[in-house]
Amino acid sequence: MGIRARRRVAAIAAVAGAAAGLAACGGESSGDTPTLNWYINPDVSNLEAYVTDEDGNQAPGGQAYLALKCSEESNGAYDITVRLLPNDASQQREQLVRRLAAEDESIDLMSLDPAFTAEFANAGFLQPIPKEQQTQLSEGMLDGAVEAATYDDNLVAVPLWSNTQILWFKKSVAEKAGLDMTKPVTWDQIIDAAEQTQTTVSVQAKRYEGYSVWINALISGAGGQILEDPQDGKDAKITIDTPEGKAAAEVVSKLGNSSAAPPALSNADEGGTVASFSAADGGFLVNWTYVYSDPNVAPFKDDLGWVRYPQTTDDDESRPPYGGINIGVSNYGKHTDAAYEAAACLTSAESQKTYAQSSGNQPARSAVYDDPEMKEAFPMSALWRESIDAAAPRPLTPYWSDISTALYSSWHPPSSVDPDTTPEESQQYIEDVLQGKALL
Amino acid sequence: MASTTTLEPTKAAPGGRRAKARSPESAENRLGWKLAGPAVAVMLLVTAWPMLRALYLSTFSYRLTDPDNREFVGISNYGVVLSDSLWWRAVGVAVFIMVVTVAVELVIGFAFAMVMNNILVARGLVRASILVPYGIITVVSAYAWLYAFQPTTGFVNQWLHLDPGTNLFDDFWGSIFVICLAEIWKTTPFVSLLLLAGLSQVPNDAIEAATVDGATWTQRLTKVILPSMRAAIMVAVLFRALDAYRIFDSPFIMTGFANGTAPPSGLVYNAMIQRVELGLGSAMSVLLFLSVLIIAFGLMKLFRVDLSQVRGD
Numbered sequence: 001m002g003i004r005a006r007r008r009v010a011a012i013a014a015v016a017g018a019a020a021g022l023a024a025c026g027g028e029s030s031g032d033t034p035t036l037n038w039y040i041n042p043d044v045s046n047l048e049a050y051v052t053d054e055d056g057n058q059a060p061g062g063q064a065y066l067a068l069k070c071s072e073e074s075n076g077a078y079d080i081t082v083r084l085l086p087n088d089a090s091q092q093r094e095q096l097v098r099r100l101a102a103e104d105e106s107i108d109l110m111s112l113d114p115a116f117t118a119e120f121a122n123a124g125f126l127q128p129i130p131k132e133q134q135t136q137l138s139e140g141m142l143d144g145a146v147e148a149a150t151y152d153d154n155l156v157a158v159p160l161w162s163n164t165q166i167l168w169f170k171k172s173v174a175e176k177a178g179l180d181m182t183k184p185v186t187w188d189q190i191i192d193a194a195e196q197t198q199t200t201v202s203v204q205a206k207r208y209e210g211y212s213v214w215i216n217a218l219i220s221g222a223g224g225q226i227l228e229d230p231q232d233g234k235d236a237k238i239t240i241d242t243p244e245g246k247a248a249a250e251v252v253s254k255l256g257n258s259s260a261a262p263p264a265l266s267n268a269d270e271g272g273t274v275a276s277f278s279a280a281d282g283g284f285l286v287n288w289t290y291v292y293s294d295p296n297v298a299p300f301k302d303d304l305g306w307v308r309y310p311q312t313t314d315d316d317e318s319r320p321p322y323g324g325i326n327i328g329v330s331n332y333g334k335h336t337d338a339a340y341e342a343a344a345c346l347t348s349a350e351s352q353k354t355y356a357q358s359s360g361n362q363p364a365r366s367a368v369y370d371d372p373e374m375k376e377a378f379p380m381s382a383l384w385r386e387s388i389d390a391a392a393p394r395p396l397t398p399y400w401s402d403i404s405t406a407l408y409s410s411w412h413p414p415s416s417v418d419p420d421t422t423p424e425e426s427q428q429y430i431e432d433v434l435q436g437k438a439l440l
Numbered sequence: 001m002a003s004t005t006t007l008e009p010t011k012a013a014p015g016g017r018r019a020k021a022r023s024p025e026s027a028e029n030r031l032g033w034k035l036a037g038p039a040v041a042v043m044l045l046v047t048a049w050p051m052l053r054a055l056y057l058s059t060f061s062y063r064l065t066d067p068d069n070r071e072f073v074g075i076s077n078y079g080v081v082l083s084d085s086l087w088w089r090a091v092g093v094a095v096f097i098m099v100v101t102v103a104v105e106l107v108i109g110f111a112f113a114m115v116m117n118n119i120l121v122a123r124g125l126v127r128a129s130i131l132v133p134y135g136i137i138t139v140v141s142a143y144a145w146l147y148a149f150q151p152t153t154g155f156v157n158q159w160l161h162l163d164p165g166t167n168l169f170d171d172f173w174g175s176i177f178v179i180c181l182a183e184i185w186k187t188t189p190f191v192s193l194l195l196l197a198g199l200s201q202v203p204n205d206a207i208e209a210a211t212v213d214g215a216t217w218t219q220r221l222t223k224v225i226l227p228s229m230r231a232a233i234m235v236a237v238l239f240r241a242l243d244a245y246r247i248f249d250s251p252f253i254m255t256g257f258a259n260g261t262a263p264p265s266g267l268v269y270n271a272m273i274q275r276v277e278l279g280l281g282s283a284m285s286v287l288l289f290l291s292v293l294i295i296a297f298g299l300m301k302l303f304r305v306d307l308s309q310v311r312g313d
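Sequence order for the protein chains is F and D. Numbers 1 to 440, taken from UniProt numbering, label the letters of the first sequence in order. Numbers 1 to 313, taken from UniProt numbering, label the letters of the second sequence in order.
Any given hint could turn out to be false.
Restraint ranges, calculated between C-beta atoms of paired labels, are given here [claimed, not checked]: (1) D/Ile75 <-> F/Ala382: 55 to 63 Å; (2) D/Tyr147 <-> F/Asp281: 35 to 43 Å; (3) D/Val46 <-> F/Asn296: 46 to 54 Å; (4) D/Pro67 <-> F/Pro379: 44 to 52 Å; (5) F/Ser416 <-> D/Leu82: 21 to 29 Å.
Sample of chain D residues with no beta-carbon within 10 Å of chain F, all distances over it, derived [stated by the list, open to error]: (6) Val73; (7) Ala215; (8) Val276.
Because the hints were derived from the structure by calculation, they are not lab data. C-beta atoms are modelled at their ideal positions from N, C-alpha and C, and glycine is treated no differently.
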């Protein structure tokens, strides 16, 4: 799926609307220019930035377009080729782990989900970033974004974009229930409001990573965390069997056994929850920021409201989930210096603005949010920045994928969750899995 | 997870050979080794080495992404697997799929074999079309069945006048039903092909003699035809049983091993490929291999057939 330099120039010409003549004389030889391979997750694409590879396949625009721009701007210092990873996040991880474990030289840069950034750093797959460069790269980044790219007190990858969940609701429903949405709301309040108005609260509670995202947000929102000392790996202390874990289980159990639960709650992923929220009896939804541009919500956009993620308890501020993509530099690539330069360019404020505008994904840099163009394009961008800053990333442990699987398996389905037993059982199960005493 | 059945080399025809070597037996033996030696060497290279490596790895607690914490744990990985209900459930799932699919395939396969054997017109066409499903890649057939049964894109709900929201992949029995169905559809042709070979070896005079003696059709089937096909049935059952026990593709594609549909090979995949827990994963693959051996051995005892004599006679 390599995209040749010649094609790049052609694509840039198309994007910039430049004269066709430029494309014809393009394809300057890249004699000493090192080629950097950047493994990207397929991202939301913008048609204008589509690039065509030698086989005539079209690659998505977002990150591929940044690659073109930074290659051009580097003046021959490097030339980035994007390579697509599979769609599914766990399959992306699988492919990268297998290549990196074999010390594959053909990876220079990679787009990493924050959930497995720690695992890669711990395995030695990521080139350690020199201290002074860490400060430089993280300057002006939102706290939540930096936290999710930090392992063992070191910045191990550079945040490219950030994502967070907010509470989406139908203004008409909140009004009917008499719920004041200008103040922070709790899970209890929205579940009660939905019951009262015979509407639903849509949450991702399928047996998958998204369900762990919810549980993590609930526990963090109560002031707790899933585990302590993540750098201890499999010996980290699991802290689910705590009052905070119980508070989280109470919310899950309440919704699971409530009339406010959508019929397919236990099978609902991101797309499914948008669908159930868009249905006539949809009332509330927690979901990532891209819901705003989802065609499903277009018919009732006037009725669509958004506020910060609901609180687990009455007193503690909510800790919204964190997502996004970090850029990691491989430990086994041949052009490490060029790769750092490229990572800095790809994650610059300007790149993040371009990327946000073309893909709809939120910047990780604080300054970009102050840009008037950004404010105009995304009316709720102030809420996004606030949420990302307050976000609680999933625990930055090398064993997150195991912990997550053990967690969502033992809390599934939501209706089976018992606040008195589930936290204890799931803590035991996670510990057994980590110690190699139980299978997943 | 290579197929483990090996055909013993044919025994040398006794006597009849005036050898210059001191012992004719040992000369035969040496020639045999010369002929089979290279193949044995290649087999060892591609199967024995990975197996020994799996055996070695299975004695460690070793995660590929946490190499510093690698430690020798002896046989405790086996203890973990064998005492975990997840493993026994997986074995149960595989045995269930194996028993159901092999039983159904034998019946349908036998019917197909009869058709292929007795049909007079368009013989080639019929034989070829019966074999079509077997020629389809398992992953492709798994997707085809998945899409057919899905409530959004599938046509099955409509055909059977089910509630349009019915999703068979929602629970264990629904999932396992479609998995078995796909498996039966795909591999019945293989069974029927093997049974056809057996059927064509049933001596016609024996059937005629039975007819003359007044045997009914059922009697001819159970007393003459089936007994003379015993070796062919044995091969079909053995091959299919081992394949069905090691099932992977269909549940992987259709359910992603959700709803408790993971067979042992699915657990191996989860441990080895997803979690990169090489120790536990290797222990499970060794156990999978052993259980395949047990099944093969058990079936051979059950049928009292010596595989080396299956070759025509």
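Outcome of the hint check:
1. As the Cβ distance of D/Ile75 to F/Ala382 is approximately 59 Å, the hint placing it in 55 to 63 Å holds.
2. Distance hint check: the CB atoms of D/Tyr147 and F/Asp281 are about 29 Å apart, inconsistent with the given range 35 to 43 Å.
3. In this structure the hint that D/Val46 and F/Asn296 lie 46 to 54 Å apart at CB holds, the actual value being about 52 Å.
4. Evaluation of the 44 to 52 Å hint for D/Pro67 and F/Pro379 yields a pass: the beta carbon distance comes to about 48 Å.
5. Taking the beta carbon of each, F/Ser416 and D/Leu82 are about 27 Å apart, inside 21 to 29 Å as hinted.
6. Distance to chain F contradicts D/Val73 as a non-interface residue, since its nearest Cβ pair spans about 7 Å, not more than 10 Å.
7. Taking the minimum C-beta to C-beta distance to chain F, about 55 Å, the non-interface status of D/Ala215 holds against the 10 Å cut.
8. Not every CB of chain F lies more than 10 Å from the CB of D/Val276, the least distance being 6 Å, so the non-interface label is violated.
The structure fails hints 2, 6 and 8 (numbered hints given earlier, in ascending order).
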